[in-house]
Every structure is written in structure tokens, then in C-alpha cells.
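In my numbering, the protein residues as written are 2 to 711.
Hints were generated in silico from the structure; no laboratory data involved.
Note that the structure is a prediction, hence the values are computed from the model and not measured.
There could be a bad hint or two in this list.
As the list claims (entries may be wrong) - FRET-style restraints, in silico, Cβ to Cβ:
1. V371 <-> L350: 15 to 25 Å
2. S354 <-> E569: 32 to 42 Å
3. L649 <-> V547: 18 to 28 Å
4. S438 <-> E34: 17 to 27 Å
5. T225 <-> S417: 47 to 57 Å
6. A235 <-> A467: 51 to 61 Å
7. D397 <-> S591: 48 to 58 Å
8. G178 <-> L617: 21 to 31 Å
9. R539 <-> S191: 52 to 62 Å
10. T225 <-> E322: 34 to 44 Å
11. G284 <-> L350: 16 to 26 Å
12. D628 <-> T393: 44 to 54 Å
Stated by the list, open to error - Straight-line Cα separation of at most 20 Å, DMTMM-like style, residue types lysine to aspartate or glutamate; simulated pairs:
13. K638 <-> D627
14. K517 <-> D260
15. K517 <-> E569
16. K517 <-> D570
17. K517 <-> E567
18. K638 <-> D237
19. K517 <-> D553
20. K638 <-> D654
21. K638 <-> D553
22. K638 <-> E699
23. K638 <-> E668
24. K517 <-> D475
25. K295 <-> D237
26. K638 <-> D628
27. K295 <-> E44
28. K517 <-> D480
29. K517 <-> D627
30. K638 <-> E692
31. K295 <-> D260
32. K638 <-> E567
33. K517 <-> E699
34. K638 <-> D260
35. K517 <-> D530
Glycine included, every Cβ here is placed at the ideal spot set by N, Cα and C.
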Amino acid sequence: MKSHPRVNTLARCIGLIASAGASIVVAEPAALEEVTVTSQLREHTQLDTPTSVSVLNSAAIEARGATNLEQLLNLAPNVNFASGASRGRFVQIRGIGERSQFIDPVNPSVGLIVDGIDFTGLGLAASTLDMQQVEILRGPQGTVYGANALAGLVSMTSNAPANETFARVSAEAAQYGSHTLSAVTSGPLSEQLGYRFAVQNQQSDGYVHNRYLGRDDTNNLDETVARGKLRYQANDDLQLDFTLFYLDADNGYDAFTLDNSRNTLSDQPGWDRQETLAGAVSGLWTGNNLFTLKSVLSAASSDTEYGYDEDWTYVGFHPWEYSSTDNYLRDRDNLSVDIRAISTEASRLFGDSTGWVVGVYLRSEEEALVRNASFASQFDTDNAAIYGQLNTALSDRLELITGLRLEQRRAVYEDSLAVADSTDENLWGGNITLQFSAANNTLVYGTLSRGYKAGGVNGRIISASASNPAIGSDTFLFDTEHMLNYELGIKGDWLENRLQAQLAAFYQDRSDVQAKQSIFDPEDFSFDDYLTNAAGGRTTGVEAEVNYQASDALRLFASAGWLNAEFEDFISSAHVDARDDYTGEVTPISLNGRDLAHAPNYQFFTGAEFALTQNLSARLELEGKDDFYFSNSHDEKSTAYELVNARLTYRGDSWDVSLWGRNLTNEVVYTRGFYFSNQFGNNPANGYAPEAYYQLGEPRIAGVSASYTF
Numbered sequence: 002m003k004s005h006p007r008v009n010t011l012a013r014c015i016g017l018i019a020s021a022g023a024s025i026v027v028a029e030p031a032a033l034e035e036v037t038v039t040s041q042l043r044e045h046t047q048l049d050t051p052t053s054v055s056v057l058n059s060a061a062i063e064a065r066g067a068t069n070l071e072q073l074l075n076l077a078p079n080v081n082f083a084s085g086a087s088r089g090r091f092v093q094i095r096g097i098g099e100r101s102q103f104i105d106p107v108n109p110s111v112g113l114i115v116d117g118i119d120f121t122g123l124g125l126a127a128s129t130l131d132m133q134q135v136e137i138l139r140g141p142q143g144t145v146y147g148a149n150a151l152a153g154l155v156s157m158t159s160n161a162p163a164n165e166t167f168a169r170v171s172a173e174a175a176q177y178g179s180h181t182l183s184a185v186t187s188g189p190l191s192e193q194l195g196y197r198f199a200v201q202n203q204q205s206d207g208y209v210h211n212r213y214l215g216r217d218d219t220n221n222l223d224e225t226v227a228r229g230k231l232r233y234q235a236n237d238d239l240q241l242d243f244t245l246f247y248l249d250a251d252n253g254y255d256a257f258t259l260d261n262s263r264n265t266l267s268d269q270p271g272w273d274r275q276e277t278l279a280g281a282v283s284g285l286w287t288g289n290n291l292f293t294l295k296s297v298l299s300a301a302s303s304d305t306e307y308g309y310d311e312d313w314t315y316v317g318f319h320p321w322e323y324s325s326t327d328n329y330l331r332d333r334d335n336l337s338v339d340i341r342a343i344s345t346e347a348s349r350l351f352g353d354s355t356g357w358v359v360g361v362y363l364r365s366e367e368e369a370l371v372r373n374a375s376f377a378s379q380f381d382t383d384n385a386a387i388y389g390q391l392n393t394a395l396s397d398r399l400e401l402i403t404g405l406r407l408e409q410r411r412a413v414y415e416d417s418l419a420v421a422d423s424t425d426e427n428l429w430g431g432n433i434t435l436q437f438s439a440a441n442n443t444l445v446y447g448t449l450s451r452g453y454k455a456g457g458v459n460g461r462i463i464s465a466s467a468s469n470p471a472i473g474s475d476t477f478l479f480d481t482e483h484m485l486n487y488e489l490g491i492k493g494d495w496l497e498n499r500l501q502a503q504l505a506a507f508y509q510d511r512s513d514v515q516a517k518q519s520i521f522d523p524e525d526f527s528f529d530d531y532l533t534n535a536a537g538g539r540t541t542g543v544e545a546e547v548n549y550q551a552s553d554a555l556r557l558f559a560s561a562g563w564l565n566a567e568f569e570d571f572i573s574s575a576h577v578d579a580r581d582d583y584t585g586e587v588t589p590i591s592l593n594g595r596d597l598a599h600a601p602n603y604q605f606f607t608g609a610e611f612a613l614t615q616n617l618s619a620r621l622e623l624e625g626k627d628d629f630y631f632s633n634s635h636d637e638k639s640t641a642y643e644l645v646n647a648r649l650t651y652r653g654d655s656w657d658v659s660l661w662g663r664n665l666t667n668e669v670v671y672t673r674g675f676y677f678s679n680q681f682g683n684n685p686a687n688g689y690a691p692e693a694y695y696q697l698g699e700p701r702i703a704g705v706s707a708s709y710t711f
């Protein structure tokens with residue numbers, strides 16, 4: 002029987018890894034590096050942290066060739082993202098997370114913190130420029146982060162000022178007009194003051210050709226990022242860190258076509274822009290033998306513009322055509338402060354058995370939207386929380402960790418259609434964890450954690466109710482969503498720390514799931530969308546990561562996730578498919594047991610790094626993902642795929658150069674998809690018949706990168 006070409010390609014890649022490893026002279030292997038998790042209340046190494054977390058250090062980021070968080074997410078099990086813009090802005094962890102934002106405000110399920118600054122929902126700010134590590138925590142972070150971390154959290158930390166002066170310049174060139182220039186310099190200014198400054202500009206024409214305009218850059222990237230840091234060691238007891246961040250992204254957005262190709266016909270291609278200025282001040286005070294004081298004060302101001310050509314064609318394309326664009330100007334300002342006291346050995350409680358952490362968190366955010374200069378809204382939120390955690394030693398090897406967070410959240414919404422409403426909620430989350438430190442550097446843990454996602458106002462549905470009698474007042478607000486997470490895990494290092502592994506199994510029970518619904522408006526033949534607490538949900542899964550230093554010359558690594566994320570007792574009135582007729586009416590359908598959107602049943606990442614000579618090394622990667630639904634309102638799916646990536650690096654004394662390629666087999670990958678039913682078809686050439694449309698991910702691309710350190 003003839004084998005599939007993709008299978009042959011994968012078999013050759015696996016054979017290449019095996020043969021390369023076999024050709025290496027085995028020496029006494031070095032131990033793997035220990036990685037510290039900084040996003041928890043107490044810092045621990047990754048293998049001593051009793052939760053499912055992926056930590057990607059600077060070496061992994063460099064080997065991946067990543068310039069933005071979206072290029073790293075496939076390395077972590079059960080993590081996905083949705084595009085619908087120039088980059089993948091929206092992250093889903095274990096099948097939970099938003100996939101888009103248009104008119105109404107969004108209460109995020111996945112938080113994004115960069116150097117202590119809250120960039121949740123602003124994925125363009127997740128630049129990996131001079132990044133020390135990226136931590137992806139899976140499961141509710143109800144004690145540490147609260148309302149914006151129901152599904153999990155992504156925490157990014159850039160490099161601190163160096164003790165010795167150095168400078169590094171880097172450059173990259175690739176197909177599709179891609180080129181990146183960056184520079185980093187760092188060192189001491191005095192005995193007490195150190196600095197670090199990094200800047201980068203990345204440009205690319207993108208992967209589409211606009212046939213109507215005769216351009217290859219309508220879906221381009223043009224991003225400038227700058228980050229500055231100062232570390233002031235005031236005395237032996239006080240350390241202050243100052244961070245300043247600037248982003249100017251002027252990206253194009255011209256991704257969808259009527260034939261699902263890379264050849265667009267838009268006469269008014271869109272854009273995906275963001276300008277951000279943000280800063281943070283972090284303090285560490287150890288002047289009291291009873292506790293250590295940590296604090297972070299951050300502020301961020303972001304102006305974004307997101308627009309697109311709604312008809313995807315040009316005027317004159319067809320006699321039945323329509324021509325329309327959509328544009329969203331959204332300005333967001335937030336201010337947050339987090340202060341926590343961490344016990345020392347001298348202040349342990351209950352007979353020196355218990356360490357403690359107690360903290361206060363305040364956050365204020367203002368979000369202003371202008372859509373097409375005809376609609377405006379204002380959404381302001383204020384959060385105040387107190388939290389604490391106890392680490393109680395029950396024996397030499399058994400520890401009980403208990404955490405609790407109490408949060409008060411007030412949200413006020415008003416818009417230009419005279420809609421004004423507010424919510425005021427008292428929320429709580431926490432965790433109970435039992436961990437056992439077994440012999441041979443092994444940690445076994447069990448966790449019960451509770452997370453929450455705030456309720457809110459359906460501003461659009463309130464304004465639509467004036468003209469649509471089918472809309473009742475019961476749709477104006479939606480309530481808080483809650484989740485209980487049950488998790489068992491084992492992690493450790495063996496073989497003299499040459500083998501590191503972690504395995505977690507979990508079950509998540511969601512109540513009052515916030516799900517999108519629609520009400521048909523016969524007056525203008527349209528649907529009015531809103532959020533409601535219409536369903537429950539259950540999620541079961543397994544996550545595994547392995548890192549093995551087989552020899553000084555060969556390292557093997559892998560991660561894998563299996564996920565079954567389903568609705569429970571959900572009757573959807575927003576679900577459409579090809580059976581819908583031209584009346585535009587949608588028959589309610591049960592989605593009980595159906596997978597959530599953007600929740601593939603499996604995904605994996607594996608590969609090898611091997612030294613061919615003292616200076617020359619190679620890296621080969623294989624990543625894959627199962628198909629998944631694009632939306633909860635239709636049945637269109639992505640396709641399963643496997644990608645092959647490779648990198649060849651030569652390192653000199655103060656310089657390095659790499660040849661690399663991604664998606665070497667040129668697989669077609671879908672990063673966003675929509676189904677246009679009869680009443681909302683988008684192609685006049687076929688009578689606006691129902692069709693599915695897809696945004697395509699990165700094709701095969703190759704390039705060269707280099708850096709020089711002074």
C-alpha cells in the first residue's frame with residue numbers, strides 16, 4: 002500500500018534525528034539548567050512548582066526564532082490561539098479563552114503580564130525582544146491573579162541589567178520581504194545603578210498578494226519595540242527596578258478571500274495598529290527580619306485601530322455586490338498596584354510549620370471605543386483584592402498549600418446610543434494543594450482550585466431592544482462564570498538532572514459558562530449577539546513535558562497535550578449551518594457534549610538539538626495539532642496538521658549565524674475561520690450562498706539570522 006507523503010516526510014525527519022544522534026560521540030552529559038518560576042506568590046524552580054506550567058527561557062525563544070508570543074504558544078501543551086488580525090491576539094488554555102473582540106467589551110479568560118504590566122487582550126505587546134523567559138500557567142489562577150485568569154496566565158519577564166557592560170546587535174532576513182534589526186546594551190552606571198536598553202524593528206510584506214491593487218504588502222508587519230530598564234540597589238535592604246516599554250505597530254490586515262487562497266481582491270485593505278507606552282516600578286525590601294516586601298506599580302496607555310474590508314472585493318466586482326468597511330478605534334488606559342508581604346524563617350506560624358504571604362491588589366482600567374465615527378462607548382472597571390497563602394509543612398516531605406483571594410469589581414458601561422449600566426460584584430477564588438516530595442527529586446501534587454470570570458453588560462443588545470421586541474430585559478446582563486479545577490501531577494529530575502519531566506491530569510467543572518447567543522431581528526434581517534449564562538462545561542485532559550540531555554552533544558525534548566473540552570446542557574440559539582434557509586431563522590440546537598471552539602483534542606511538539614562540531618549545531622522540530630471548531634455558533638473546523646522546522650547554527654567567539662526554515666513541507670494551516678450562512682453570504686458571484694472562509698497561517702519560509710556581541 003502506498004504511504005502518505007506527509008508520513009514519509011515525518012519518517013525521514015525522525016530518521017535524521019536518530020542518525021545524527023547515533024553519529025555523535027557520547028561524552029559525559031551535562032546537567033540541564035534549573036528554571037525558576039517567578040509568577041507565583043513564592044519563587045520556586047519549575048519542577049518544585051505544584052501546578053502545570055511551561056517555562057520557555059531565552060535559549061528556547063532564540064532557537065524558535067520567535068519575535069512575538071504567538072510563535073511560542075504551540076510549544077506548550079493544550080494552548081491555542083485565534084488570529085483574525087495581523088497576529089494571534091487571543092489565547093485559549095485548555096479550550097477556554099476569547100477568540101475575537103468587536104463592539105462589546107471583553108472580560109478575558111487568559112491574562113497577559115509583561116514585566117509586571119497588564120497587557121491582557123493586547124497581544125501585539127507580547128514582543129519577545131530581550132526576553133528572559135515566558136511562563137504559561139494552565140488552570141485557574143484564582144489566588145494570584147483573580148478575574149482575568151480563569152483559564153490561565155501568560156507571564157513574560159525580560160532580562161535584568163547586567164553586571165558587566167556589553168552590547169549585541171542582531172539582524173534577520175527572510176522570504177516575503179521579512180527583515181528584523183535589533184540591538185541590546187547593558188551594564189553598570191555606578192556601583193548602585195545598572196541599565197539595560199533594547200530596541201527592535203521588524204518588517205514583513207506578509208503572505209498574501211492583493212491582485213486588485215497589485216501589491217504584496219497589504220497584510221504586512223511593521224513593528225517597532227523599545228524596552229528600557231534601570232536597577233537601583235539603594236542599599237543592602239532595598240532594590241528598585243524601573244521598566245519603560247514602547248510599541249508602535251502599523252500592521253496591515255488583508256487576510257480573507259472568497260476562494261480561501263492567498264490572493265486577495267480588497268480595494269480597501271484593513272489594518273491592525275497599536276501604539277503603547279507603559280512603565281512599571283518594582284520594589285524588593287528585606288529590611289525586616291519578619292517579612293520581605295514586594296511591590297509592583299504599573300501603568301499602560303494603548304491606542305489601537307483595527308479595521309478591514311468587509312466585502313473582501315472591489316467596486317465593480319459583481320452587479321450584486323456591496324461595498325463596506327468596518328473600523329474600531331479602541332483606547333485603553335490601566336493602572337495597577339500589587340503589594341505583598343512574604344514571611345521569613347523568623348515569622349513562620351504554628352510552631353514554625355507555616356510560611357505565609359499576604360497581599361493587596363488594586364487595578365483601574367478605562368476603555369474607550371469609537372466605531373466608524375458613528376458609535377462610541379466607554380467601559381471602566383475598578384478591581385480591589387486582598388489575597389493570602391499559607392504553606393504548611395505537615396511532615397518533612399508533605400506540605401499543604403492553601404490560598405484565598407477576595408475581590409471586589411465594579412464595571413460601568415455607557416455608549417452613544419444612551420445605554421448606561423453597571424455591575425458590582427464580590428468575587429472569590431483560591432486553591433488547596435497537597436504536595437509530597439518523594440525520593441529521587443520527585444514531586445507529586447494534587448490541587449483543587451477555584452477561578453472566576455466577571456459578569457458584565459450587553460451594551461449592544463440593550464440598544465437593539467428598542468427596535469426588536471424579541472429582546473427581553475433578561476438578556477441585558479450576564480453573570481459571573483466559575484470553574485473548579487481538579488489536578489494531579491508528578492514532576493522531577495532524574496539521571497543526575499539530565500532528564501526533566503512533568504505530567505499532569507486534570508478535570509475542570511465550569512458553571513454559568515458565558516456563551517454567545519443571537520436574536521434574529523426581522524426588521525433589518527440581521528442578528529443581535531449577546532452573552533448569556535446558558536451552559537455548563539466540563540474539561541478533561543493530560544499534559545506532559547520531557548527534556549532529556551542524552552549526551553553533551555544531543556538533547557531531546559517533547560511536549561504533548563490531550564484535551565476533551567465540552568459543553569454541558571447547552572441549547573444554542575446562535576448555531577447556524579447549511580440547513581438554514583433564506584428566512585434567516587435559526588432553530589435552537591443542543592450542543593451538549595460538543596467540543597468547545599479552538600480546543601483541539603491533541604497537540605504535540607518534539608525535536609532534538611545536536612552538536613555536529615564544536616561550533617556547529619542543528620535543531621529539528623516537529624509540531625502538530627488536531628482539528629478543532631472555529632466557533633460555537635457553527636460546525637466549521639480547521640484541519641489537523643504537522644509542521645517541520647529546522648535550524649542550523651554556527652557560533653564563533655563573539656558572533657553566530659543561523660540558517661532556518663519553518664513549515665518546510667508547506668502545510669496549509671488555518672488560524673481563524675467563519676461560516677457565512679445563507680442570510681450572510683459574502684460572495685455575490687454565487688448568489689451569496691453559504692460558505693466557509695479561512696485565514697491562512699504561515700506558509701513555508703526560510704531565512705538567515707545573525708548576531709554579534711561587543
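Results of checking the hints against the structure:
| no. | hint | in the structure |
| --- | --- | --- |
| 1 | V371 <-> L350: 15 to 25 Å | violated, 53 Å |
| 2 | S354 <-> E569: 32 to 42 Å | holds, 41 Å |
| 3 | L649 <-> V547: 18 to 28 Å | holds, 24 Å |
| 4 | S438 <-> E34: 17 to 27 Å | holds, 21 Å |
| 5 | T225 <-> S417: 47 to 57 Å | violated, 33 Å |
| 6 | A235 <-> A467: 51 to 61 Å | holds, 59 Å |
| 7 | D397 <-> S591: 48 to 58 Å | holds, 53 Å |
| 8 | G178 <-> L617: 21 to 31 Å | holds, 29 Å |
| 9 | R539 <-> S191: 52 to 62 Å | holds, 57 Å |
| 10 | T225 <-> E322: 34 to 44 Å | holds, 38 Å |
| 11 | G284 <-> L350: 16 to 26 Å | holds, 25 Å |
| 12 | D628 <-> T393: 44 to 54 Å | holds, 45 Å |
| 13 | K638 <-> D627 | holds, 10 Å |
| 14 | K517 <-> D260 | violated, 28 Å |
| 15 | K517 <-> E569 | holds, 15 Å |
| 16 | K517 <-> D570 | holds, 15 Å |
| 17 | K517 <-> E567 | holds, 15 Å |
| 18 | K638 <-> D237 | violated, 58 Å |
| 19 | K517 <-> D553 | violated, 52 Å |
| 20 | K638 <-> D654 | violated, 49 Å |
| 21 | K638 <-> D553 | violated, 43 Å |
| 22 | K638 <-> E699 | holds, 18 Å |
| 23 | K638 <-> E668 | holds, 16 Å |
| 24 | K517 <-> D475 | holds, 14 Å |
| 25 | K295 <-> D237 | holds, 15 Å |
| 26 | K638 <-> D628 | holds, 6 Å |
| 27 | K295 <-> E44 | holds, 12 Å |
| 28 | K517 <-> D480 | holds, 13 Å |
| 29 | K517 <-> D627 | violated, 24 Å |
| 30 | K638 <-> E692 | holds, 13 Å |
| 31 | K295 <-> D260 | violated, 55 Å |
| 32 | K638 <-> E567 | holds, 15 Å |
| 33 | K517 <-> E699 | violated, 29 Å |
| 34 | K638 <-> D260 | holds, 17 Å |
| 35 | K517 <-> D530 | holds, 7 Å |
Hint compliance for this structure: hints 1, 5, 14, 18, 19, 20, 21, 29, 31, 33 are broken, all remaining hints hold.
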